[in-house]
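Working from the sequences, and respecting the hints, build out all of it.
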Amino acid sequence: MSTLPPCPKCNSEYTYEDGAQLICPECAHEWSANGEAEAVSDDTVKKDSVGNVLQDGDTITVIKDLKVKGTSLVVKVGTKVKNIRLCDGDHDIDCKIDGIGPMKLKSEFVRKV
Numbered sequence: 001m002s003t004l005p006p007c008p009k010c011n012s013e014y015t016y017e018d019g020a021q022l023i024c025p026e027c028a029h030e031w032s033a034n035g036e037a038e039a040v041s042d043d044t045v046k047k048d049s050v051g052n053v054l055q056d057g058d059t060i061t062v063i064k065d066l067k068v069k070g071t072s073l074v075v076k077v078g079t080k081v082k083n084i085r086l087c088d089g090d091h092d093i094d095c096k097i098d099g100i101g102p103m104k105l106k107s108e109f110v111r112k113v
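All residue numbers for the sequence shown refer to full-length UniProt numbering, where the first residue is 1 and numbers rise by one.
Check before you lean on any hint, since a few could be wrong.
Unchecked claim - Pair ranges (Cβ atoms, derived):
id, residue 1, residue 2, range
1, G99, N34, 52 to 62 angstroms
2, V113, G19, 42 to 52 angstroms
3, S49, A28, 19 to 29 angstroms
4, K64, P102, 11 to 21 angstroms
Claimed, not checked - The calculated DSS-like cross-link candidates involving lysine-lysine, where the alpha carbons are at most 27 angstroms apart (straight line), are:
id, residue 1, residue 2
5, K47, K80
6, K80, K67
7, K96, K80
8, K46, K67
9, K47, K104
10, K112, K76
I should point out that these hints are in silico values taken from the structure, not numbers from a laboratory.
Cβ atoms here follow ideal geometry from the backbone N, Cα and C, with glycine treated the same way.
In structure tokens, the structure reads:
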């Protein structure tokens, strides 16, 4: 049983030591092993395709035709999406598109209105 502390970012118990650093293999977070508790910054800045900072509640437009996986639907260029929510992960925008329903989008395929 390991005596190393769990990852402060994702709470994984599989941390390991690498010199003076502790590393989480699940989220790749690194922190100091000498007991200094660093504040985990959950305030990561999400930006759209042209570099505008996105926030919860913003309105965006889609800049590329996007196929909806598992269906024959396509989100067309210029589709306006209101009231987005930012989340963690590869697809970092959670939204509801009229005519399609709830989806997750990547911020690199949208532009803030």
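Verification of the hints:
The hint said 52 to 62 angstroms for the Cβ distance between G99 and N34, and at roughly 55 angstroms that hint holds. One distance hint, 42 to 52 angstroms for the beta-carbon pair V113 and G19, holds here, with the actual separation near 47 angstroms. Checked against the hint of 19 to 29 angstroms, the pair S49 and A28 passes, with Cβ atoms roughly 25 angstroms apart. The supplied range of 11 to 21 angstroms is met by K64 and P102, whose beta-carbon atoms lie about 20 angstroms from each other.
For the given pair, K47 sits about 17 angstroms from K80 by alpha-carbon distance, which is consistent with the 27 angstroms threshold. Annotation: proposed proximity of K80 to K67 holds, straight-line Cα distance about 16 angstroms (limit 27 angstroms). A distance of roughly 10 angstroms separates the Cα atoms of K96 and K80; the hinted pair therefore holds under the 27 angstroms criterion. Annotation: proposed proximity of K46 to K67 holds, straight-line Cα distance about 23 angstroms (limit 27 angstroms).
The hinted pair formed by K47 and K104 meets the criterion: a straight-line CA distance of about 15 angstroms does not exceed 27 angstroms. Taken as a hint, the K112 and K76 pair is honoured in the structure, with Cα atoms around 16 angstroms apart against an allowance of 27 angstroms.
Checked against the numbered hints above, the structure violates none of them.
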